[in-house]
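If you read the protein sequences in the order shown, they are chains A and B. If you're matching positions, the first sequence starts at 340 in my numbering and goes up one per residue. If you're matching positions, the second sequence starts at 31 in my numbering and goes up one per residue.
Keep in mind that the hints were calculated from the coordinates and are not lab data.
Listed next, the in silico EDC-like pairs over lysine to aspartate or glutamate satisfying Cα-Cα at most 20 Å (straight line):
hint : chain 1 : residue 1 : chain 2 : residue 2
1    : B       : K334      : B       : E144
2    : A       : K500      : B       : E343
3    : A       : K500      : B       : E316
4    : A       : K500      : B       : D324
5    : B       : K152      : B       : E358
6    : B       : K204      : A       : D511
7    : B       : K391      : B       : E403
8    : B       : K204      : B       : D233
Quick caveat: nothing in here was measured; it's all calculated off a predicted structure.
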Amino acid sequence: MLALLGNVVLIAYACATGLSLAYLVQREEIVHRLASLATLAGWIAHSIVLIALVVETGRPPLGGLPQAVSTAVWVVVLLMMLVERQYKMPALGAFVLPVVVILSLKASAARPAALEQIGLAFRGAWVWVHIALAMIGIAAFVLNFAGAVMYLLQERTLKAKRTGAFYYRLPDLQTLDRLTYRTLALGFPFLTTGLILGVVWARTAWGSVLTFDPLASLSFVAWVIYAATLAGRAVAGLHGRRAAYFAVFGFGVLVLTLGAGFFLPGRHGT
Amino acid sequence: MALFVAGLNHRTAPVALREQLAVEEDKLRELIRDVHATGVAREAVLISTCNRVEVYALAEAPGEARAAIFRRLCQHRGVDLGAVEPHLYTHEEGEAVRHAFRVAASLDSMMVGEPQILGQVKDAFALAQACETVGPTLHTLFSQAFAVAKKVRTETDIARHAVSVSFAAVELAKKIFAGLQGRAVLLVGAGKMSELAAKHLVDQGAFPIYVVNRTWARAQEMARALSGTALPFGELDVALGSVDIVVTSTGAPEPVIRRELVQTVMHERRGRPLFFIDIAVPRDVEAAVETLADVYCYDIDDLKQVVDANLRERAREAQRAEALVDREVAKFAARLRDVEVVPTIVSLRERLEAIRSAELKRALARVPGAPAETREAMEALSSAIVNKILHAPITKLRESSRAGAGRSWTTLVQELFGLGRPS
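Hey, can you work out the whole structure from these sequences and the hints?
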């Protein structure tokens, strides 16, 4: 039953993606409405799946990387719906939802690790906080990435003086730059605290922070990129196109980080 | 009784003729009363703008009514009816409905999507209402036409994109800045075109406005017109640092805004974008300027290109609007037919109710001492009989109107019950 509902979530998100992309080109209001509806339907089904998971296992829906990513996706979709309303940015879905679908595919394809194996490492509340914070951070960075991509496309369109789908559908540059900045400012503290807790946890659980773990190492690289971007924005007047490149780069590393967690053996992997 | 529209517009008649026929409001009032008084049309609305003169009417014999109305119109304006006749179009029933919807939604306009026409149609309708020439049919028609026009505006992007160069500049500025509220504008040169663009920017909340010009007097004049500030030409560099949008339109043979200048300025702006709208030919802004980060530079050709794209966009949206109108026409046809039978149903009810209450009163007068229960029973009895009798004919009228045969049935019912003409 739960597996079936999981498929419903995936299908709804996939439909929403298709409709959002179609809306970019087609610009029919009804297409956008359907896309929003599919997104909301997917998100509600997703919420039910997560609640059922909590009820079933009696712990947060963060046990193992696939579950954690699935929860991150849930946060992404929630944030996306809020931002879309707040900034009146109907094109946002076309840039966030493809990432959502890819992450969901990954999350549902990999079956969670055997419970007893997780159980060993998961004693203590701090590890849940570590995962939760990291996932909220990642969710914010998905939107950060989408904002940056939209900025780059709109900037190119305006510089090249092309009037196409992007010109008509994407919001203005300042709004996009602001969105990218704000999502960075939102995600960074979560990611930072999440990583610190991870390090502390590793010390208490394994007695050392220095043992090699692919996900941990790469997430540190991503953190450095985001830290540099944030510092640059706050102090050195970094903005616009260059800041957007940083956001895309940072997200690329973040995706590698998750990939490492999924595919390479380590403490986060299965 | 048939609904029709007859008239001429920018497609069927040359401007010379439209000019001659266009009627001012005072005359329009007189004319519409005149037309109505002749009795050829039961309801009438007359629209007269520079692009169209048309009459919507409900008449027994549309052909006759049309001829009578335009004869009068031509007399009023001193035009030969023979000259007008070949340019007239007539649409009846469903097609008339479609025409009304298309006109109100600005799909029949010279510049498709222009916003004025809806207001003009509303004024014409209000005028006809004031002259008491609007009945239930035209009332339903026009209320629905206004609703459809609104729907077209909100559900399609028909009027969303700029179709003039100066508006295109505003639209572009809105793609760069998050709103134009409080954006400072600098005008370099004081041409008419840049004044127009500046006016549009001011309308969107841009403020303050600075003007630099080689001729100081002209700079001051323009600054006054825009409630801005005139600056000496030498302060161009300083001004560039503090404004967001620059509109250039000097007659200078060489660019007045060079890359090096803008580069220095951009350094101080710390990433705030700068938008150049270069309306001058030859151009005032050096081509290399746009290679700088955060600088956007559109010359007159670029703006025209945006306008062209917007026009294509508008044509595309117009297609969607037409489809929407088609759907609305189909929906409305059913309603209009109901409107046709409703007055008959109402007068039928009224007639029977009048008979019932008169007879009841008479019967009660004959039994003065009757107890309250008896009176109530008689009241209930008479009402029940009337309602039972009414049920079948009313149902039949409603059904027939939906099947499109309302007219013959209303006539029949009117004859049978001696209802006369419902007004």
